[in-house]
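Asker: Sequence:
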Amino acid sequence: MCYFFCMLRTYRDKTYPGASYGGIQYLCLTMAYEIYYAFTTTSTWFEKLAFLVWFEFDLGFTAIAIQHAHSPDQRKRLYRNMICGVLAGVLFLRWLAKVYPDEREQITAYWTGIILQFPIGWLCLYSLWKNHDTSGHSLEMWYVPFLNMVTQRSFAEDLRVTRYLGCFTAYGVFFWRYLNVPQNWAYVGSTWSIWTIVLTLIPETLYPFVYVWVFNTRKAKPE
0 MCYFFCMLRT YRDKTYPGAS YGGIQYLCLT MAYEIYYAFT TTSTWFEKLA
50 FLVWFEFDLG FTAIAIQHAH SPDQRKRLYR NMICGVLAGV LFLRWLAKVY
100 PDEREQITAY WTGIILQFPI GWLCLYSLWK NHDTSGHSLE MWYVPFLNMV
150 TQRSFAEDLR VTRYLGCFTA YGVFFWRYLN VPQNWAYVGS TWSIWTIVLT
200 LIPETLYPFV YVWVFNTRKA KPE
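Residues in the sequence shown are numbered consecutively from 0, following numbering that gives the first Met the number 0.
Because the hints were derived from the structure by calculation, they are not lab data.
Restricting the straight-line Cα-Cα distance to at most 25 Å, the calculated cross-link-like pairs of lysine-lysine (PhoX-like) are:
{"#": "1", "residue 1": "Lys13", "residue 2": "Lys75"}
{"#": "2", "residue 1": "Lys129", "residue 2": "Lys218"}
{"#": "3", "residue 1": "Lys218", "residue 2": "Lys13"}
{"#": "4", "residue 1": "Lys13", "residue 2": "Lys129"}
{"#": "5", "residue 1": "Lys47", "residue 2": "Lys97"}
Could you put together the complete structure from these sequences and hints?
Answerer: This is the structure in structure tokens:
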């Protein structure tokens, strides 16, 4: 659902957070992650295909973003950088797994995953605040329905969490494993892990409130 709304908003607004400096190139790192760990942390082909769904979503969003938010002269360079970035990312993850070996590479998958997630929320929040413009941003990613804002109802009246619950669910799975089999997942409960997760959730928490503030202040300005 989050990817769907992102694609729609990028297609409609012809921009996305960080478009001015080619921020879409960051996704080459997440796509490298999705390709590499789809074949190293899984056991069956069903698991591999399920893991690769996220790669397909990222690939679709990348194609839409480059095609509709960038000029023709930028597209060739961005596509080249994305392909080279994905290949370099896969090679880096392979090297990292050799430096820090473990069974099915669960430890490196965990740490690289939460580190890759960390800057995304902060970039979206900073872009929204700095530009004071909701173009390329999607509140639907965070809260559904969007009706409460459009109809000027109280923001607290109808919050239905989507992305926010998704973040808590993902982190919750790891902590469930940690609580049930702590000897295998000790790093999940480490100080570095907990603080990284907390700092990742801060922009996720603030984003919808900043979005509504930007939307309402721009709407209140005289034509």
